[in-house]
Amino acid sequence: MAKELTNMNENKTYKRRTILKALAGIPVLGFFAYETLRKLDFDRNKKSIVIKELGLDDLKAPEVISGAEGKKGDLLRVGFIGFGNRANQLSNSLGFMHPDQIKSREKNGTLAEWLEQEDLNVAVTGICDVFDLHAERGLATAANEVRPGGNSGQNLPAKRYKSYQDLLNDKDIDAVIVATPDHHHAHITSEAVKAGKHVYCEKSICRTEEELYEVYDTVRNSDRVFQLGHQITQNVIFQQAKEIIKRDILGKITLVETTTNRNTASGAWIRHLDSDGNLKPGDENSIDWLQWLGSGPYEPFTIDRYYNWTKFFAYDMGMLGQLFTHEFDAVNQLLRIGIPKSAVASGGIYYWKDNREIPDVLNAVFEYPEKEMTLTYSANLASSRPRGRVFNGHDANMELGGSLSITADWDSTRYAEQIKKGIIDTDGPMISISPGSGGDVDAITSATEKYYASRGLTTTNINGRRVDVTHLHIKEWLECIRNGKQTSCNIEMAFEEGVTCVMANKSYLEKRRVEWDPVNRKIV
Amino acid sequence: MKSTKTFTTFQLTTLVLLRLLIGWQILYEGISKLLIPNWSSAVFLRESQWILKGFANWIISHDGVLQVVDFLNTWGLIAIGLGLILGLFTRLAAIAGASLVFLYYLNSPPLIGLEYSLATEGNCLIFNKTLIEAVALIILVAFPTGSIIGLDIFISRFSKSKTMKEE
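Top line first, the protein sequences correspond to chains A and B. Here our numbering runs 1249 ahead of the position in the first sequence, where the first position is 1. Here our numbering runs 9 ahead of the position in the second sequence, where the first position is 1.
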């Protein structure tokens, strides 16, 4: 009996021990769950603390457009002066596309995106280009009935004009888009405004100081609506950058660095060959060469000069006019820095040893003693290492491109406490806004998020839809024409930009430091 | 395969510890994929360099396939991790784990001449910690502990009593 009891007890203990052994994994799992929740909580807290401490919890993607709306205002009749590659893109943004391009976009699956674009209620009624081929392409584009907004857009017959003066004399054209080479921009814009047309002009606004004063005075003294072609302000990311600057997240900004980093022949404006290496079309029979040269010095026609005009100072300011203008506009829109007190630029032709006059490496420094800051532009056409556009503040720096990221400064005064506590990490960005996330603000916690944050696009994301920023820029111009409002790249902004670029160009050419005399409004 | 030997306490302790640690690591890999918004294996697959490069590209370029792979990967990791920690279907979990981890290794082995843009852990030549983990899982297949410490006890009891009855 006693033996049986002991046996039973032993059996019980054995069973209990077996069950304990079987369930040994459960406490491990409990510990795992506890630690996972703790980690989740930590990450969530870190995120919300960073966003709250910066006062960005109410910073959401602004709703610029609300999708397809009804037509606004009267039909506007638009004329194109210059119908090359850029005008082709502008016509797409305006709501017009050449039949060949429709076919190729249908093939690569990007047509639907364009068809969703808002109908701007415009008709292209005039095309002027010195090259027959370009003019014909323009006419076919204007006449194509495949239009965004369910083909509801109106197509009026478009007419070709042999000279821009003829186009400007046509009373049936309300507004013009100027997309010629740069040496025509200022003069054509002035003439257009005098003829009563509203103007959307591609950058850069001018080539020389004289051209700039002419166009500035003419546009300022008229009631016509002017917009310079810097579409970056329309990017949702950019508008959030504006808020970040307004809320002083970066601390005192004393240095803004802008760059250009390209490394291709096309990027260096060698564009006279097609993709098979053959010369592109055009000769003196099909191109009105004298009109193309304009008031510039006579040069015999060559395919090189016609397609690669950017290489020569007679037609533009090289990288300063083509690329720095965008950089300056971005900085000026954000910080309203205006015209610098002084500019120094130097560089040379170090890689592209062709017949070019413009430098392929250029560095320019602009001083703003009153704003207590320096703006730099460093450009290279023979290395594509991205160097970004960076706003350096005492507390944090902001890199602004297709996406935006803000990294706290290790020696920041404002964030010293949070950095010490480990709430803010200075190794990577503390805030990033990327187009893919619908423009919502996100604090960075993991490597994967960092990876996604580094991507950028040339379109912006509004209500989950990709929208072409040039379309928004043109739309703003048209709305200002209809409602008499001010455009974001108006003539004042264009003037500040023009002076700044001409100062740097002058400094490069004359190999000296140039200054702006604000009293006499002159470069000295 | 019938085991004739029993483990010493030391052997059993280290084997179970190995099982728990690998289980923990794999479970958290799976859970974290659930927690990262919009996580996709595409980032990893895009890096694929060696013999699986073509297969990885095929997965990425087919949205539906990619979604299935993402789902199987996340939940597969979670199931394997749970199995190893709880000692439930331990052998199956270890075999599945070894195969999956070996697949990761095959996608980006540190062979001479192959370079990756995503940062990798440590300095490795031909073999890396991913492969070591796969081999460690094979060891767990060879020396199963689930029916000594783990829920597999109940399963082996059940099957034992079944065979006894049949006898």
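Please note that the accuracy of each hint is not assured.
As the list claims (entries may be wrong) - Here are the simulated lysine to aspartate or glutamate pairs, DMTMM-like style, with alpha carbons at most 25 Å apart:
1) A:LYS1443 x A:ASP1466
2) A:LYS1288 x B:GLU130
3) A:LYS1590 x A:GLU1506
4) A:LYS1771 x A:GLU1619
5) A:LYS1590 x A:ASP1553
6) B:LYS42 x B:ASP72
7) B:LYS42 x A:ASP1674
8) B:LYS169 x A:GLU1259
9) B:LYS42 x A:ASP1497
10) A:LYS1670 x A:ASP1497
11) A:LYS1288 x B:GLU38
12) B:LYS42 x A:GLU1284
13) A:LYS1408 x A:ASP1532
14) A:LYS1295 x B:GLU38
15) A:LYS1288 x B:ASP79
16) A:LYS1501 x A:GLU1621
17) A:LYS1264 x A:ASP1290
18) A:LYS1356 x B:GLU38
19) A:LYS1352 x A:GLU1367
20) B:LYS42 x A:ASP1292
21) A:LYS1734 x A:GLU1367
22) B:LYS42 x A:ASP1676
23) A:LYS1491 x A:ASP1674
24) A:LYS1296 x B:ASP72
It should be emphasised that the hints constitute simulated quantities derived from the structure, not laboratory data.
Status of each hint after checking the structure:
1. A:LYS1443 x A:ASP1466: holds (11 Å)
2. A:LYS1288 x B:GLU130: holds (22 Å)
3. A:LYS1590 x A:GLU1506: holds (17 Å)
4. A:LYS1771 x A:GLU1619: holds (18 Å)
5. A:LYS1590 x A:ASP1553: Judged against 25 Å, a Cα distance of about 38 Å means the pair is violated.
6. B:LYS42 x B:ASP72: OK: B:LYS42 and B:ASP72 at ~18 Å, within 25 Å.
7. B:LYS42 x A:ASP1674: Roughly 23 Å separates the two Cα atoms, so the pair holds.
8. B:LYS169 x A:GLU1259: Distance ~21 Å between B:LYS169 and A:GLU1259 Cα, so the pair holds.
9. B:LYS42 x A:ASP1497: The given pair, whose Cα atoms are some 36 Å apart, is violated under the 25 Å limit.
10. A:LYS1670 x A:ASP1497: Within the cut-off at roughly 22 Å; holds.
11. A:LYS1288 x B:GLU38: holds (14 Å)
12. B:LYS42 x A:GLU1284: holds (16 Å)
13. A:LYS1408 x A:ASP1532: It holds: about 23 Å lies between the C-alpha atoms, which stays within 25 Å.
14. A:LYS1295 x B:GLU38: Measuring from Cα to Cα gives roughly 21 Å; hence the hint holds.
15. A:LYS1288 x B:ASP79: holds (23 Å)
16. A:LYS1501 x A:GLU1621: holds (9 Å)
17. A:LYS1264 x A:ASP1290: violated (40 Å)
18. A:LYS1356 x B:GLU38: violated (40 Å)
19. A:LYS1352 x A:GLU1367: holds (20 Å)
20. B:LYS42 x A:ASP1292: Cα-Cα ~15 Å, so holds.
21. A:LYS1734 x A:GLU1367: holds (20 Å)
22. B:LYS42 x A:ASP1676: Within the cut-off at roughly 23 Å; holds.
23. A:LYS1491 x A:ASP1674: holds (23 Å)
24. A:LYS1296 x B:ASP72: Violated, because 31 Å separates the two Cα atoms, which is more than 25 Å.
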